[in-house]
Structure formats: structure tokens, C-alpha cells
Amino acid sequence: MAMASAMDLSPPTFFLSGTSSSSSSLRRLSSISVSSFRRHSNRRLHVLCQATAGTQPQSGLSDSGSKLAARSGQDRLLKVPISKIRNFSIIAHIDHGKSTLADKLLQVTGTVQNRDMKEQFLDNMDLERERGITIKLQAARMRYVYEDTPYCLNLIDTPGHVDFSYEVSRSLAACEGALLVVDASQGVEAQTLANVYLALENNLEIIPVVNKIDLPGAEPEQVIREIEEVIGLDCSKAILCSAKEGIGITEILDAIVQRIPPPRDTAEKPLRALIFDSYYDPYRGVIVYFRVIDGKVKKGDKIFFMASGKDYFADEIGVLSPNQIQVDELYAGEVGYISASIRSVADARVGDTITTYSRKAESSLPGYEEATPMVFCGLFPVDADQFPDLRDALEKLQLNDAALKFEPETSSAMGFGFRCGFLGLLHMEIVQERLEREYNLNLITTAPSVVYRVNTVNGDTTMCSNPSLLPQPGQRKSVEEPYVKIELLTPKDYIGALMELAQDRRGEFKEMKYIAENRASLIYELPLAEMVGDFFDQLKSRTKGYASMEYSVIGYRESDLIKLDILINAELVEPLSTIVHRDKAYSVGRALTQKLKELIPRQMFKVPIQACIGSKVIASEALSAIRKDVLAKCYGGDISRKKKLLKKQAAGKKRMKAIGRVDVPQEAFMAVLKLEREVL
Amino acid sequence: MMLKTTISPVFSSFRGKPKTSRLIFQACKAVLEDAPPGARRNASTNLTTLHQGPPTSAYVHLPFCRKRCHYCDFPILALGSSSSNLYEERKEDDPRITNYVNLLVREINATRTGFDTKPNLETVFFGGGTPSLVPPKLVSLVLETLSLNFGLSPDAEISMEMDPGTFGAQKLKELMELGVNRVSLGVQAFQDELLKACGRAHGVSQVYEAIEFLKECGVENWSMDLISSLPHQTLEMWEESLRLAIESQPNHVSVYDLQVEQGTKFGNVYTPGQSPLPSETQSAEFYKTASSMLRGAGYEHYEVSSYSKDGFKCKHNLIYWKNKPFYAFGLGSASYVGGLRFSRPRKLKEYTNYVTDLEKGAANWCGNGDVDLKDVATDILMLSFRTSKGLQLEEFGEAFGREVVNSICKVYEPYVESGHIVCLDDMRREVMSDEFKSLVANDEVKIEDHVRYLRLRDPDGFLLSNELISLAFGVVSP
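If you read the protein sequences in the order shown, they are chains F and R.
Residues 1 to 680 in this note's numbering are what the first sequence spells out, letter by letter.
Residues 681 to 1158 in this note's numbering are what the second sequence spells out, letter by letter.
For reference, chain F alone in the conformation it holds in the complex (with noise of 0.2 Å):
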């Protein structure tokens, strides 16, 4: 029987799981969202099904396929010839339906049981899940039976968004092909675009795959003409499947098998593993994923990271198919795990090369990157007492994500906190979210920036990422800031509309094409710094949704920036202060201004609120005084409502940050933080 054998084989195939959770087995937040807790019950319910599997009686009503699926998906760590190892990533925007026929590949190969799958639906990271994207990636090792020859195929995830793009050129380079998945009623999205020219660009072979053509509106021969057009890849073999409705998935699985190329044999050269992801895990140290690119690594390998110069033993190795399953020995070709009591995720950087200690490779593997930040913010606890709870927060964090960096900083408004570097926006809103979900934190975030470049006259050139450490005018000589290249893809009908809201950030108009009869993409250059703001938001609301955009740094540039400081009072208030071009100090300084002038309660004298380049007023409002704030009312001696009055009000003024003599209430600040982020 076929469960029988399985059993002896490896532990039961699921488990309820946050380490390889995911919509479903793939998708995981792994450097970036499993918090311990999921860990640890994790791996308590991993001891709870090993104990079960044994009694409990299979469902054996499927048909005889899938028993002969399953009873290959159960053997799936039996090794195959070189030859016969496929290993490959899937390509998609978001809501093409990756997840979906990832599962699908998983179930229909046996790797995860029928029935297990809905478990898995219903356990997946909450933050994952609400954005409906996939952050990191992890990997599934299938075994696949193609005319009587079992064959190993090792499917790793791409995270799907821009911010994370290093860590899916590195998933990319671990594969030798990849399945294109487009959604037959939406076409070919600008993500898409970009995760396909690094997948060509790492010579994997592209297998293009229309999914969702069940729906009413799907268009099947539009799409495929669109990849032909936009991507000019050959499109007579593409595979029309519903990964939902289960068609057209064995075609996928041949087609795997007959297209993607084997990986090289070369089992006999010295190790070179390509770290593709790594996580922290509390009880075990660093997680790290790998596909063996030459040679072999077996455990108890005394183990070398070329990158960061570290070494370990590797404890323990293994194959993630989903979840980690013990193996002896990894060779060419093959994908796997090693934990090595690796004590942070910056020893093990994803991109770094392993090798063995004693038989080191000559050379690493190419496209090595150290993760450098885009964009900054400062990070304030609202109550001043969680500083050290926020910095402990952030060390943890950095455990899991090399890429995060943090420094502490000073505010006169905000105490005290910390300015962070991240990847991208989304790497800043996740890193975020956590530290407020995940360790309680009650935080203020100031407008994210970039980082400057600063020639100053004396001829250094200094990087800038706060505005309140910008040199001053007469030492400055230029400021240069970061540019990227984006290319939005929208219906024809919004073009206009992209192109207003494009020239309005500062971009340069570079190239416009038309991809298909109705869509067209469009090429701009314009200011980091214009897309760290509601660039995006602002790209969704006005095409409806229709728009996708990609971007890629292209370096710095020399620009006409300022520092736009606000005044309260007459006194600066430097959190609010922000580096802004010139030709928009104006709109900016009127929107802060009015912004504060609504939110700051009236004083017992008139204040004006101003935004200033230099000693230059660009914008002002005043605030009146209060006229009058008196209970000119008697109670009969009874004081005791008067007094609970003037006590709330008291509390009130608690609550507030002196700016010189003007209180201003905590939630003013927020609010224009918030205000610059779309302003600006």
C-alpha cells in the first residue's frame, strides 16, 4: 500500500506550518514576517502529526492516478540521475494565479495531500495574505513520473514585487527555467516584464503559460500574441491551463520536464551553493536555502561563505518539499536547506556563494549584491518609554533581514528613535507593520527620503539621507539625488493621464510604445524621491487599477533641491523639515502650512506658521488666538465638574510637544508626516 510505504519513507507530508506556510506550501515570509511564536508552535505540531500519521487511517477513495501520484510524491527524496533534476521558478504579477498553480503542481505530484491543502489555505501570514503578494520565496522539491522515468523537480518562488528584485534574480539564478503565468483576461503586466528580461538574462528557458482561461473574459489568443509581441518569446507551445479548475497542469509538468534543460553535472568540481534565501529561526539560528551549483555538500561539511567570510558546520541539511525533510547529501543540480547555527542573516547573505572549508571554489558565484537601502524614514515611539522595547524590536528584526538598516536619532519634537534604511517602500511599510503588530509598538514615522549626494565647496561629497544633517547653503555646491527608470503599462485610454501624473513628479519623458492594440507602455526617468511618496497609489486611482509599473535604479543625478523648514512660532521644527526641488517648495509649503494651521489648537496668542527656504517665508499662515476659554457659570460652590474640566484640560496639554511656546498635539505631527508623504 501505498501510504504504507510512504510512512517509512519521511514523516507525513504536512504539517501545519508558518515556516512553510504560504497560499500555500511556497509562499513564505521567511527573512521577513515569521515571527518566533509561529515557530516555535510550529514545530510542536510537527511532533503532533509524526506521533498521529501512523494510526490514522488515509482517505483512500481517490481514483488510482492520484494514488500513483501520491505514491511517487512519497519517494520524492529518492535520488535521480543529474540528468533528470528540472528546477525552475514561475514568473507572475500579482492575482495571475501563481499561488493557485503552485499548489496545484504540489498536489498533483503528491507532494501535499488533498486533503491537507485547505489546512494550508487557512494558515498563512496575516501580512502576506492582506496585500495578497508574495514577499520571499521558498522552495518545493516534486518528484514527477514522465513516461516511466521519475524526475526530480525543484520549484523555487519568486517574491513578487519590485523592492525585493536582487532576491528574485538570485531565485533565478538558482533555476534553469521558468514558467511564465499570465492571466488570460489582464495580459502581460510591467512586473511581469521585468521578473521575464532577468529570467532571459540568466538564459532560463521560458515555458509561456496562460492561466485563468475558464474565466468569461478570457482572451487566450490576445495574451499570447501580447508575450509574442511584448517579450518576443515563442508562444506555438504555450500551455492554456486553469490552475483552479486543474487544466492543463500535467501539460505544465511534461512540458517541464521536456523543455527546461537538466543542470550541468558538475558533481565532481569544488562546492559552489547560490544562496537564494535565508531566514532566522530562534531556536536554530539561520535558515539557509541553496541550490548546489557545482559539487556536493554533505553534512557535518565544514562549510564557507565567500561573501561574508564565515564559516560553520553544516548540522543538519536538507530538501524543502515543503517542509524540511532531513537528507544525508545534496550534489549538483539539487536545492536544499542547511542549518548551521548561522547566528545572523548577514553571514549568510542571499547571493553569497557556499563552499567547502577545506576544498574552497576558486571563485564565487556572479551577481553577488550587498543590499543597499533606497529609502529612509525616522522612526519615533509614541511613548517615549518604548524606545528601548523599539530598539530590541529592530535588532530582532535585522536577525531576519540583512537589507534593514537603523541608526538611533534625535528629534526636539519626537525624542528619541531611530532613522531606518530600506530596500523599497514596501520592504519600509512591512518592516513597519511588524514592529507594530508584532512587538506592540505604537510608532511615528516620518516622511520617507532618499538618499542625497552632497558635493560641497570644499570638494567632498557627503550622502545625505536626513534633512536635518543637509549642509548648510553656503557650504553645499550641489545636491545630487537618486533617479530611476520606470515603465508603467496601461490600457491606451490612461496614457494621458500617466503622462500628467509623471510629468508632475519631475519625470523626463524617454519612450512610449505601443505593446499590443489597446496597451502601451511607457518609459520615464524621474526622481526616487517623487516615487517614495503615493507615486503608486496615485498610479492605481488614476487607471483604475489597470496600470502596473516597474522601476530600477539608474544613479544619481544633479538637482535644484532645497530645504524646506517649517516654522512654528518662529521656531524651526526640524522633524518637519524636508528637502524638496525648488519648482515644488511652493506647493509643499502651502499644503504644510494649512495642513498644521487645522491641526494645532488655537494658543492664547495669535502664531504664525510659516515654511521657509533659508530665511525666506514661501508660506504662511497664522493662527488666531483663542479669544476666549473662561466657565463664567456658578454652581452653588459646587466646583467639582469645573475642576474635572480644567484637570482634562490639563491632561490634554500633557499630551502635546512644546514648540518654543506652542503645544502641539502628538497627532498634528502624524498627520503632516503623513500629508508630506503624499505632497511630496
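Calculated from the structure, these hints are not laboratory results.
In this text, a Cβ means the ideal position worked out from N, Cα and C, and glycines have one as well.
Errors might be hidden in some of the hints.
[Unchecked claim] Simulated pairs of lysine-lysine, DSSO-like, Cα-Cα distance not exceeding 27 Å:
no.: 1; chain 1: R; residue 1: Lys1054; chain 2: F; residue 2: Lys657
no.: 2; chain 1: R; residue 1: Lys968; chain 2: R; residue 2: Lys993
no.: 3; chain 1: F; residue 1: Lys269; chain 2: F; residue 2: Lys405
no.: 4; chain 1: F; residue 1: Lys244; chain 2: F; residue 2: Lys302
no.: 5; chain 1: R; residue 1: Lys1090; chain 2: F; residue 2: Lys642
no.: 6; chain 1: R; residue 1: Lys993; chain 2: F; residue 2: Lys648
no.: 7; chain 1: R; residue 1: Lys1027; chain 2: F; residue 2: Lys606
no.: 8; chain 1: R; residue 1: Lys817; chain 2: F; residue 2: Lys643
no.: 9; chain 1: F; residue 1: Lys606; chain 2: F; residue 2: Lys654
no.: 10; chain 1: R; residue 1: Lys817; chain 2: R; residue 2: Lys1002
no.: 11; chain 1: F; residue 1: Lys653; chain 2: R; residue 2: Lys1090
no.: 12; chain 1: F; residue 1: Lys584; chain 2: F; residue 2: Lys616
no.: 13; chain 1: F; residue 1: Lys616; chain 2: F; residue 2: Lys595
no.: 14; chain 1: F; residue 1: Lys643; chain 2: R; residue 2: Lys1002
no.: 15; chain 1: R; residue 1: Lys993; chain 2: F; residue 2: Lys654
no.: 16; chain 1: F; residue 1: Lys244; chain 2: F; residue 2: Lys298
no.: 17; chain 1: R; residue 1: Lys1002; chain 2: R; residue 2: Lys1054
no.: 18; chain 1: R; residue 1: Lys1090; chain 2: F; residue 2: Lys647
[What the hints assert, rightly or not] Partial pick of chain F residues on the chain R-facing surface, computed with a CB cut under 7 Å:
no.: 19; residue: Asp389
no.: 20; residue: Glu517
no.: 21; residue: Arg627
no.: 22; residue: Lys628
no.: 23; residue: Ala632
[Said to hold, decoys possible] Per label pair, the in silico range of CB-to-CB distance:
no.: 24; chain 1: R; residue 1: Thr914; chain 2: F; residue 2: Asp537; range: 45 to 51 Å
no.: 25; chain 1: F; residue 1: Lys653; chain 2: R; residue 2: Thr778; range: 37 to 43 Å
no.: 26; chain 1: R; residue 1: Lys798; chain 2: F; residue 2: Lys648; range: 36 to 42 Å
no.: 27; chain 1: F; residue 1: Pro601; chain 2: R; residue 2: Ser955; range: 51 to 57 Å
no.: 28; chain 1: R; residue 1: Pro1158; chain 2: F; residue 2: Pro473; range: 37 to 43 Å
no.: 29; chain 1: R; residue 1: Glu916; chain 2: F; residue 2: Pro601; range: 40 to 46 Å
no.: 30; chain 1: F; residue 1: Lys648; chain 2: R; residue 2: Ser955; range: 23 to 29 Å
no.: 31; chain 1: F; residue 1: Lys648; chain 2: R; residue 2: Glu1124; range: 35 to 41 Å
Please build the complex by placing chain R on the supplied structure of chain F, with the hints as guidance.
Here is chain R on its own, set in the frame of chain F:
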């Protein structure tokens, strides 16, 4: 911040240990008994002990009204205005009034204070409601009861709130004969449309008649109540009211700024600062106009909402402003005895039960709990700053610590500069803001030696009294 934290030890060391002159009532006993000798202070001069002696004032609540005014949230009992002859005694006494007064008398009798000394009452205040609706013989009963229980000084100030249209010369004369010697006349406005709009039961003609009755009966000590910021009130109307008030020559005027309270008719219909209520700016203008017109007519603006001719301040209200103790009797009334503020039930049924419990010894007549010196300090701050006399710094510093005085001065420095707060020396001459600033900056100097009083400036400081007082509250309870 530094200063604030240095204050708390001062309070904690005094907390619950004021010197006592053997107060016997249960409430304060536990706290006061074991006060160490070191904490003892001279009861006659110290603000922290001012409230400990037996009160010499009593507030008596007579809650009857013909109907509820639209702005009123006091505990009142509306009788209806069916009576055709409002000026004279009703043929038969309204049993509701008789029953209430009997209950009130029972409450007074059941108040067994246990003070060693029994000084006579120096002030009695009949507030309401509309006390003038109560038949004189019932008022007499109350006064007799007070006299029997506490003693009544022969020259006690006995005030009564009266509304136009609820008394005639005869009734007034009777009340005067009983000892009522101060009348507070609830005029509120001199425009019929405004009176009507705020639900008053009288018109302007009744106001004039009432003033005539007062003159006829030779009531010298009388006060007129006016309300500013009524719906539809214009500056012209307000000026007219003030002018007519001055022409009627009361020796005292109370000017109340309309407070729109939740649960009142106005609270349901109007939003402060929005039409038909005057804007905040207009409302401030009304306040300033009252201050300048009344002061111009020879009245002293001695408290946020009180004006008097020389020698005619309301002695009873001064007890409040000085944070001195006072009894209170009747529905919903609030007393201050032994440092505790205590409000009686606001509903008649509960009040009735309370009186029964009191008689059985099952209820406390002055409240329970410990005296928190922080509360005493904030009470003194809010009450002192309502008066033109202001806060006596020396006295306050002795009671609550010099650090508190320093901190208050520091917090107030900008408002001395802006003119909202006035500093006065021992001769009540103004200390200029520059000098005050240097005094505050100099740690060597004892500010109280140079600045004896801080007061809110009339009218700018008074107008912002809540803001300014709450700043001082922040110093006391950081």
C-alpha cells in the same frame, strides 16, 4: 520637567497628614489621627488646614421652578406655571414644596457634626431652583432649624435667589423680616425675545416690577444676574442690558457667560460658537464689554463673573473662592467640610433615601475618603485665580512647597510677558514682566519676597482662565 519631578515628594510627604483640631467625624479620622508633630501647622494661617475647622456658611438648595430654562442643568423640580397669581402666596401650600422643606429640615437636624466649637453661621445662601417660590413660612422653618443646629449670627448675610414674577412686595417684606437681607435677582436679559428664547418664565415688565419691589422694601443689598452669549443676542442688546442693569443700581452684578451643557435643550439644539449663538469672538467681546461698562459704573470686578460696589461683595461666595468650608443642604447640593467635597443625590427619591439613612446613622453627611493635598492645591489654584485678589504666593508656597511656586512662575512667565497674568507686590503694585523674568531666572531670589500675588488680568486673563489655570494644574499634578 526637572521642576515637575521635584514637586511630587513635597506632596507625598504632606499627604494625609494635615494638622488637626480633633475633628471627630469618621471620614477624616483615620487619616488625621496619627499626624506627627513635625507636620503640624498653624491652622489659622495655613492653606492646607483652612478647610478643617467647622464651617460658618451654609448653602441651602430650594429646587423649585415654574419651568426649566433651556440652558439649565441644575437639579430642579418644575412646578408648572398654572397659578394665575404669581406674585402672592398660593391659596394652599403646594404639598411638593411642603414635603421637600420637611425633608430638608430633617436633613439639617440629622447632621451631627461633632465639632468641638460651634461658631455661628455667618452666611446662608438659598439657591435654586427659584427659592422665591417657597412660602416665607417654610423659609422661616429652614432658618430656625439652621439656627437651632448651628447658631445664626445676628449680622449673618442671608442671601436668596429670586426670579422676577415669583414675588411681590408682601412676600419680599415677609422674607426680609425673617432675616433674608440679600437678594440675587435672576434678570438674565432685558429683551423679551431673548428671555423667551431661553425659556425664562418671566418677561421684561416683570423685571422692572421686581426691581420696584426691591426698592419699595428697602432691600439695599441686592444683586442682578445677567447672562451673556444667549442665542440671537447682539452686542447692542448686551450693551442695552448692561446699561439698564446699571441704571437699576444694584450693588452687585453677576455676569454669567452661557455654558451650553449636554442634556439641556440648548445642548441638543445649539453648538457653541455657531449661530444663533454668538461666535467665540463676539462672546469674548461681550465679556470685555461687561467688564468695561460695569467697572466704568463703579463696580469692582472681584471675580470672573462677579461685580460689586464697595462693601457689597457676596460674603457667601467669598467663602467658596477662599476654599473655606461650608455646609450644604438639599437636593444635589455640594458641601465642603473637613477637606472633602460631597454632593447629595440629585434625584428626589434618592435624596429622600439619603436623608432617611442619615437619620439612621447609615449615611455620611460630608463624604468619605482621604484628603489629597494635591486636590487641595488645585482647588486653591482654580478658586484663587478666579478672583481679582489672585493667588497669594507666600501662603501657597508655605503650604505646598516653594518649588511649586517656582514652577508655576516659570510656567506663567510667557503669560506675564503677554499680559494675561499680572504680578503684584505686597502693596498690590504691578511688578513688570522684565523684573518678573529676572526673578524667575535667578535661583538665589525668593520670588515671593518680590511678588506677593499672581492674578489673571481683567479681562484678557479672565477670558482665558481655563487655559491658564490648567497650566498651573499641570505643575501640581505632572
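Now the hints, each set against the structure:
Taking the CA atoms of Lys1054/R and Lys657/F, the gap is near 24 Å; set against the 27 Å cutoff, the hint holds. About 20 Å separates the Cα atoms of Lys968/R and Lys993/R, which keeps this hinted pair within 27 Å; it holds. Only pairs whose Cα atoms come within 27 Å are accepted, and Lys269/F paired with Lys405/F is rejected, the gap being roughly 37 Å. Between Lys244/F and Lys302/F the alpha-carbon distance is near 45 Å, which puts this suggested pair outside the 27 Å criterion.
For the hint linking Lys1090/R to Lys642/F, the alpha-carbon distance of about 25 Å falls within 27 Å, and the restraint holds. A distance of roughly 31 Å separates the Cα atoms of Lys993/R and Lys648/F; the hinted pair therefore is violated under the 27 Å criterion. Restraint check for Lys1027/R and Lys606/F: the C-alpha separation of about 45 Å exceeds 27 Å, so the hint is violated. Proximity of Lys817/R to Lys643/F is assessed by CA-CA distance (about 37 Å); at most 27 Å being required, the pair is judged violated.
With a C-alpha separation of about 21 Å, the suggested pairing of Lys606/F with Lys654/F holds against the 27 Å cut-off. With a C-alpha separation of about 33 Å, the suggested pairing of Lys817/R with Lys1002/R is violated against the 27 Å cut-off. Restraint check for Lys653/F and Lys1090/R: satisfied, since their Cα atoms lie roughly 16 Å apart, inside the 27 Å limit. Taking the CA atoms of Lys584/F and Lys616/F, the gap is near 15 Å; set against the 27 Å cutoff, the hint holds.
With a C-alpha separation of about 20 Å, the suggested pair Lys616/F and Lys595/F falls inside the 27 Å cut-off, and the hint holds. As the CA atoms of Lys643/F and Lys1002/R are separated by approximately 15 Å, the hinted pair is consistent with the 27 Å bound. A C-alpha spacing of about 37 Å is found between Lys993/R and Lys654/F, which places the hinted pair above 27 Å, so the restraint is violated. Of the supplied pair hints, the one linking Lys244/F and Lys298/F is violated, its CA atoms being roughly 39 Å apart against a limit of 27 Å.
Proposed proximity of Lys1002/R and Lys1054/R is supported: the alpha carbons are some 16 Å apart, at most 27 Å. Between Lys1090/R and Lys647/F, the direct Cα distance comes to roughly 19 Å. Compliance with the 27 Å bound is thereby established for this hinted pair. For Asp389/F, the shortest C-beta to C-beta distance to chain R is roughly 21 Å, which exceeds 7 Å, and the interface hint is violated. Evaluation of the Glu517/F hint against chain R yields a violated restraint, the C-beta minimum of about 58 Å exceeding 7 Å.
At a threshold of 7 Å, the smallest CB-CB gap from Arg627/F to chain R is about 4 Å, leaving the interface hint in force. For Lys628/F, the interface hint holds, the least distance from its beta-carbon to any beta-carbon of chain R being 4 Å, beneath 7 Å. Proximity of Ala632/F to chain R holds as hinted, the smallest CB-CB distance being about 4 Å (cut-off 7 Å). The beta-carbon spacing between Thr914/R and Asp537/F, approximately 50 Å, falls within the hinted interval of 45 to 51 Å.
Distance hint check for Lys653/F and Thr778/R: the Cβ-Cβ separation is about 50 Å, which falls outside the suggested range of 37 to 43 Å. The beta-carbon spacing between Lys798/R and Lys648/F, approximately 39 Å, falls within the hinted interval of 36 to 42 Å. One distance hint, 51 to 57 Å for the beta-carbon pair Pro601/F and Ser955/R, is violated here, with the actual separation near 22 Å. Range check, Pro1158/R to Pro473/F: about 41 Å between beta-carbon atoms, so the 37 to 43 Å window is met.
Checked against the hint of 40 to 46 Å, the C-beta distance between Glu916/R and Pro601/F comes to roughly 32 Å, which is inconsistent with it. Checking the proposed 23 to 29 Å range against Lys648/F and Ser955/R shows it holds: the Cβ atoms sit about 27 Å from each other. At roughly 37 Å, the beta carbons of Lys648/F and Glu1124/R sit within the given window of 35 to 41 Å.
The structure is inconsistent with the numbered hints 3, 4, 6, 7, 8, 10, 15, 16, 19, 20, 25, 27, 29, although it conforms to all the rest.
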